[in-house]
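Novice: Chain order of the listed sequences is A and B.
Per the numbering used here, the very first residue in the first sequence carries number 1; after that it's consecutive.
Per the numbering used here, the very first residue in the second sequence carries number 140; after that it's consecutive.
Certain hints may be false.
Partial selection, computed: residues in chain A whose CB lies under 8 Å from chain B [to be verified]:
1) I2
2) R3
3) P10
4) F11
5) A12
6) Y13
7) A14
8) L23
9) P36
10) P38
11) C40
12) S49
13) R53
14) G59
15) P66
16) A67
Hints are computed from structural coordinates only; laboratory data are not their basis.
By construction, the Cβ of each residue, glycine as well, lies at the ideal position given by its N, Cα and C atoms.
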Amino acid sequence: MIREGSIHLPFAYAAGPAASRFLVSLRDEGRILGSPCPACRRVLCPARSFCPRCGDETGEPISVGPAGTVVSFTAQAGGVVFGLVRLDGADTAMLHRLLGDGMRWTIGARVRPRLAARRQASITDIEGFEPLQEPGDGT
Amino acid sequence: MRQVAVIGSGQTRHARCRDDVSQAELVREAAAAALADAGLRPADVDAVLLSNMELFEGRAFPELWVGEGAFACGKPCMKIATGGTSGTSTCIAAFHQVASGMFDTVLVVGFEKHSEGHTQTGMALTDPFWDRAVASGALGNFALSISEYMAERGVTERQAALVAVKARRNAAQNPHAHLQMPELTVDEVLASRMLAHPVRLLDMCPQSDGACAIVVASGDRARRLCPRPAWVRATATRHEQPTLGDIDRRLCSMRTLRDAAHAVYAAAGITEPLAELDVAEIYEPVTYAELAWYEALGFCRDGEAGRLIEDGVTTMDGTLPVNPSGGVLSSNPVGASGVIRVAEAALQIHGRGGSRQVEGARLALATGYGVYAWADAIVLGAES
Numbered sequence: 001m002i003r004e005g006s007i008h009l010p011f012a013y014a015a016g017p018a019a020s021r022f023l024v025s026l027r028d029e030g031r032i033l034g035s036p037c038p039a040c041r042r043v044l045c046p047a048r049s050f051c052p053r054c055g056d057e058t059g060e061p062i063s064v065g066p067a068g069t070v071v072s073f074t075a076q077a078g079g080v081v082f083g084l085v086r087l088d089g090a091d092t093a094m095l096h097r098l099l100g101d102g103m104r105w106t107i108g109a110r111v112r113p114r115l116a117a118r119r120q121a122s123i124t125d126i127e128g129f130e131p132l133q134e135p136g137d138g139t
Numbered sequence: 140m141r142q143v144a145v146i147g148s149g150q151t152r153h154a155r156c157r158d159d160v161s162q163a164e165l166v167r168e169a170a171a172a173a174l175a176d177a178g179l180r181p182a183d184v185d186a187v188l189l190s191n192m193e194l195f196e197g198r199a200f201p202e203l204w205v206g207e208g209a210f211a212c213g214k215p216c217m218k219i220a221t222g223g224t225s226g227t228s229t230c231i232a233a234f235h236q237v238a239s240g241m242f243d244t245v246l247v248v249g250f251e252k253h254s255e256g257h258t259q260t261g262m263a264l265t266d267p268f269w270d271r272a273v274a275s276g277a278l279g280n281f282a283l284s285i286s287e288y289m290a291e292r293g294v295t296e297r298q299a300a301l302v303a304v305k306a307r308r309n310a311a312q313n314p315h316a317h318l319q320m321p322e323l324t325v326d327e328v329l330a331s332r333m334l335a336h337p338v339r340l341l342d343m344c345p346q347s348d349g350a351c352a353i354v355v356a357s358g359d360r361a362r363r364l365c366p367r368p369a370w371v372r373a374t375a376t377r378h379e380q381p382t383l384g385d386i387d388r389r390l391c392s393m394r395t396l397r398d399a400a401h402a403v404y405a406a407a408g409i410t411e412p413l414a415e416l417d418v419a420e421i422y423e424p425v426t427y428a429e430l431a432w433y434e435a436l437g438f439c440r441d442g443e444a445g446r447l448i449e450d451g452v453t454t455m456d457g458t459l460p461v462n463p464s465g466g467v468l469s470s471n472p473v474g475a476s477g478v479i480r481v482a483e484a485a486l487q488i489h490g491r492g493g494s495r496q497v498e499g500a501r502l503a504l505a506t507g508y509g510v511y512a513w514a515d516a517i518v519l520g521a522e523s
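Let the sequences and hints guide you as you build the complete structure.
Specialist: Set out below in structure tokens:
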């Protein structure tokens, strides 16, 4: 005897002041914010109100990126590529999708965010990161 | 085993909705307040225990997401969930960790953000064969047992309403309390909406967002850090059969709480709880439960709870003030509610209860209640 079913689970999560600023800046200005920790001096991205390592309240959020560097990546069966991207000026890496059909990704690759045309104050307002063609790299 | 004491506590403002902060930020509010109260820095804490009802916020592994708010990075950290008793169970686990010599200082943080998930859905994820399809939730569960209790013991709706009034008037002296109804009357309680016979709206606890933390320390540390430590004199936890229909007479016997209470009284050398205890912070999610607990906790004989509340024995100026904080009936962030009972009982022993202080309190009882499945009892004292 097997009993089957499914559950519908509604939710509404408060982001809090720092993450709210991150999400609103991303939506309205296309800017990515990080939070500096006064104790360890790291810039934490996405922005947050306290440093998880030190416990201290963070300072005023600052813009980071938009360019960044691939720290690690994996290509899943089906073609979706996930990567950890450390944005310029940040000390932590962000988990997101890497975009670019047929791209041969490498650790250390330089990337930039591709922003969604219609943004909704969500981390998916960044569609993913795509290869950055730096000036003078000859490509 | 080593001596153990509660040396500090911190609470958030409890409210229907704390959407000004994230879950981790809410936890941090209470954790930082407790550390400040104990005169400690995060680095002074050896281990962190969290209390939360998993799935009430619709989120798996809450300890993973909010542990950073409890300053747990780089420390041993885990979560304990035993329904309504989660908070008291987590405090007891911390007492064990310190008593065993494993850690000197443990931070306990309980939290709940009912406004963010769907509590009734979380509660409905019960046994899939017998309960889930016919489950009536916490309210229906209580109401079933209360009807049986009223019939057997002759408790009246007016006596239950007296409990509601006592709780909300006490809460008016507690700046953390969610419900603030200092002028509430018995007639207003009796006129409030019927939810599930015989339980009315004002008989029930609210659903609150909030967090509460305590700092637990070993004997030497406690004496050094705290002028009046709240010493852990005895603890007991009891588990029950899971199915409502299997439990012997439910509220009438309340076997888990009765057994846990008698175990802690025996361990702490208490023979007449009503006379010997100075204050009690008991987990009463509904007015009728407080009356049933008076009997299970031995404050009176079975059938005498109604008289106890009518005579004012458990009001702030009675023989044994019960729930100076306003209790669960005034604030119920479930994962925090048991921790609040212990924090408030400890505050009374510290002598720092402010306008809700019971003068000269030296022996306090705190209890937890997790539907019928669990009960916890804790005795704290001014003497080790």
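Novice: Report the numbers of all earlier hints that the structure fails to satisfy, in ascending order.
Specialist: 1, 8, 9, 10, 11, 14, 15, 16
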